[in-house]
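Chemist: Grab the two chains, each in its own frame, and use the hints to assemble them into the complex.
Here the protein sequences line up with chains A and B, keeping their order.
Residues 1 to 270, numbered by the numbering used here, are exactly what the first sequence covers, in order.
Residues 271 to 510, numbered by the numbering used here, are exactly what the second sequence covers, in order.
The set of hints was computed from the structure by calculation and includes no laboratory data.
Please note that the accuracy of each hint is not assured.
What the hints assert, rightly or not - Dumping the calculated DSS-like pairs for lysine-lysine here, alpha-carbon to alpha-carbon at most 30 Å:
no., chain 1, residue 1, chain 2, residue 2
1, B, K505, B, K479
2, B, K479, A, K169
3, A, K169, B, K375
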Amino acid sequence: MTSSAALAAPLATAPTVNRRRSQRKWGLIRLASPFVLLAVWQVGSAVGLIPQDVLPAPSLIFQAGVELIENGQLADALRVSGLRVVEGLLLGGFIGVALGTAVGLSRWFEATVDPPMQMIRALPHLGLIPLFILWFGIGELPKVLLVALGVSFPLYLNTFSAIRQVDPKLFETAQVLGFSFWQRFRTVIVPSAAPQVLVGARQSLAIAWLTLIVAEQINADKGIGFLINNARDFLRIDIIIFGLIVYALLGIGTDAIVRALERRALRYRS
Amino acid sequence: MTIAPERQTHSAGELRQVNKWYGDHHVLTDVSVRISRGEIVALIGRSGSGKSTVLRVLAGLSTDHTGDRAVTGAPALAFQEPRLFPWRDVRTNVTYGLTRSRLSKSQEQERADRALADVGLADRAEVWPLTLSGGQAQRVSLARALVAEPDLLLLDEPFGALDALTRLSMRALLLDLWREHGFGVLLVTHDVDEAVALADRVLVLEAGKVIHTLDIDDPRQSVPAEHYRTELLDKLGVHI
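Pulled out of the complex, with its shape left as it was, chain B reads as follows (with noise of 0.2 Å):
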């Protein structure tokens, strides 16, 4: 155990029994996930499965669903593109991510640069976004979700979009920034060793509905043991 049992009392985010209909398609069923501070769940499936509909509902991007949701705070959310306003310098773009907390122009500049310092930008300040590399600029996408020290954190596919090499130091950061802050992640990927290497319990979602919950007893392990990678492709249909 490396997280504080009391740390992961506090609930940062929970859906119960969410259900939500596009016209006549149930996309989700009695979807139930809660997520505690300091605590990654990773929830994982195929395209289509509505993974990325029950993140848009904890996120509060979806009003027409039935059920309970409770979110301590205003979670953040990164996507798989970084979404930065290109013509906005990156500071600025970090800023925005304090766009609820009404501080003054002085206390978001000096908060931004702390949130760049930490994802390790803080000589990038003052350029503009189209002059990033891919993991830069979801490296500052990261900082704006992060600058308002959230609760909880969303992530939608955040680390898909980029190269192998550049995958492994976001998940190395980002592992880095949780341990540091303590918030609580739901991490949306379809990718099985992504989940097994950064998550403490791993959600399969296929056609809407939870089918399985793994818990990884030893989470981020250097080497994840081999079963767990096994039973969560085997329950996404993927049999090796």
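Chain A on its own, in the form it takes in the complex (with noise of 0.2 Å):
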């Protein structure tokens, strides 16, 4: 049915109308998508072509979400999870930043804190746990330090080479204007760097939920993970997936915010 209407659709109408109304027809095809996907799902459940140990329906995953909202389990596990996130991306973030601005800036700092820098990145940060645990024990500093450890490289290399691109031209009219370093440093470097120093951003912010949650599966008493880890030794799959989907929906949302602020840094290009 659907395949005949688009062959016979261009036939009868004006090219821009068939156009458009063949861009609807695909992105409601695109939206659709998923929901029947879902509706698949839940039907396979329901007349038990899927095994509800394995996979448990849609509905019974979204009952364990609504559990979990309700018992406030989910608020003290976000809280938890939340805070280690954005502890580890304030500390991360601002070194990285900060090392990659003076490096950027300053010859000096490139020879002296780029090598080790760049020794350090080559190291997978994740396979740091183990030592991780050995020095900093099992509580909220070893989960924190490693989010900023993981933070701290995509925005160190971002801002270093943001800052290296900026248009010398736009430096030598700073001087024959007679800024001050200061003003440069506003009205030149920052407005040049932060588009790309953004997509560092939204590169951390990834690495930074990653590592959240390989270390919220080791040794974590509170948090998303520990809700999934517990899940497990009960055989609660359906918090398991519902555990998933929160990070999931973290992950996208945090991605909206820095996305946003992308738009607004490069408003003036529209």
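Modeler: Next up, the structure:
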């Protein structure tokens, strides 16, 4: 039915109207596809095609979510996990941006700071978990530090390269106009570098959540990771899947915030 | 003579016996230039003749030269590209020309608006620079250069990137502003016609030396005498 309609449409209407209609059609199909998948999953579960001890029905996962929201476990877990990510982001973001700025502005810092940074970057930061446990114990500190470590490199690299790519003609213009260092920083460096630093922020956010997920699998007694691990012990696959969905939503949500900042930083280009 | 003699006697900027090296390369040899207030001096030469270097020395962007530099106040400089800060609106860009003046915010804005009105862009004060045409952006750049009312305006091929019609209206605008404010101009260009059309005096630079000075007795005629043009082209090694 739909395929024959799609073939018949180009003959019937003017090209622009037809293109708009076809765009809308594909848009609707894109929108519908996840819902169709959910429906298939739900129906498959209802008729016994999908074993519920392997993959529970969407409605059961939804119920698990409602249960966690109602008994307050989700809010507690979000607060703990959120704090870990925010602290790690602030610490790692500050280190990454500060070092990237220093190295970008000064050859001296580049020669002294960049080589060790590149060496540390070569280490897989998730592989440092055993070391961090031995150094910092099993509390909040090693988790926050691990997030900070993972976060700092994309911001460091992007800030460094963003500052190196500032148009030298604008620096010269700033000199002609008699700008102070602070004015040059605010009027030339920050706005030029902002778009690429925000790209780094988006990469850092993705790494922050990933690092959190891994760090929380190990020796956590609260947080979303703990919720998932605990659910494993009680064979609550519905809670495990709900926890994963929460991680995904957090990732999407924070990415959307940075994209909004990107649009604001680039509003002069419109 | 369109310029009152007393205006011409005030020097706006001067270089005496300036020499400059890049490594072993002698880029400027004994260059002396004097620009009076109310005077337009054009500096022409082929690419690599050192004309932009002369301008950079006058602008104070170069430090490692020998010889004397005397400039009243801070010279204003406009480049071939407008070099506006795209993330600041047009008015803010113009206020940056007042960085050295230490005025209050409202005084800065008032002066910027007046400078924008001078270049015919009063209604574009609040737009982003990227929405301007090339000629409009260059006018904003001129407004930024002139907003601090400098004694000396240094122009580095300011109309080089514009189309022919815009270039003509920019020349007319420059002359209007110059007549009104009476600053001295050093115009660096490789366009002989532009030099003859605008200048009181034309210096020909070759390999870092001033090899010729041409005084134009009847400057800024609507149809400049052909012999000036032929003389300058001859000195530049173009024989027609």
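Chemist: Hint by hint, note whether the structure agrees.
Modeler: Evaluated hints:
With a CA separation close to 13 Å, the supplied pair B:K505 and B:K479 stays within the 30 Å bound. Between B:K479 and A:K169 the CA atoms are separated by roughly 27 Å; this keeps the pair inside 30 Å, and the hint holds. Under the criterion of a C-alpha separation no larger than 30 Å, the hint pairing A:K169 with B:K375 is consistent with the structure, at around 26 Å.
In terms of the numbered hints stated before, the structure departs from none.
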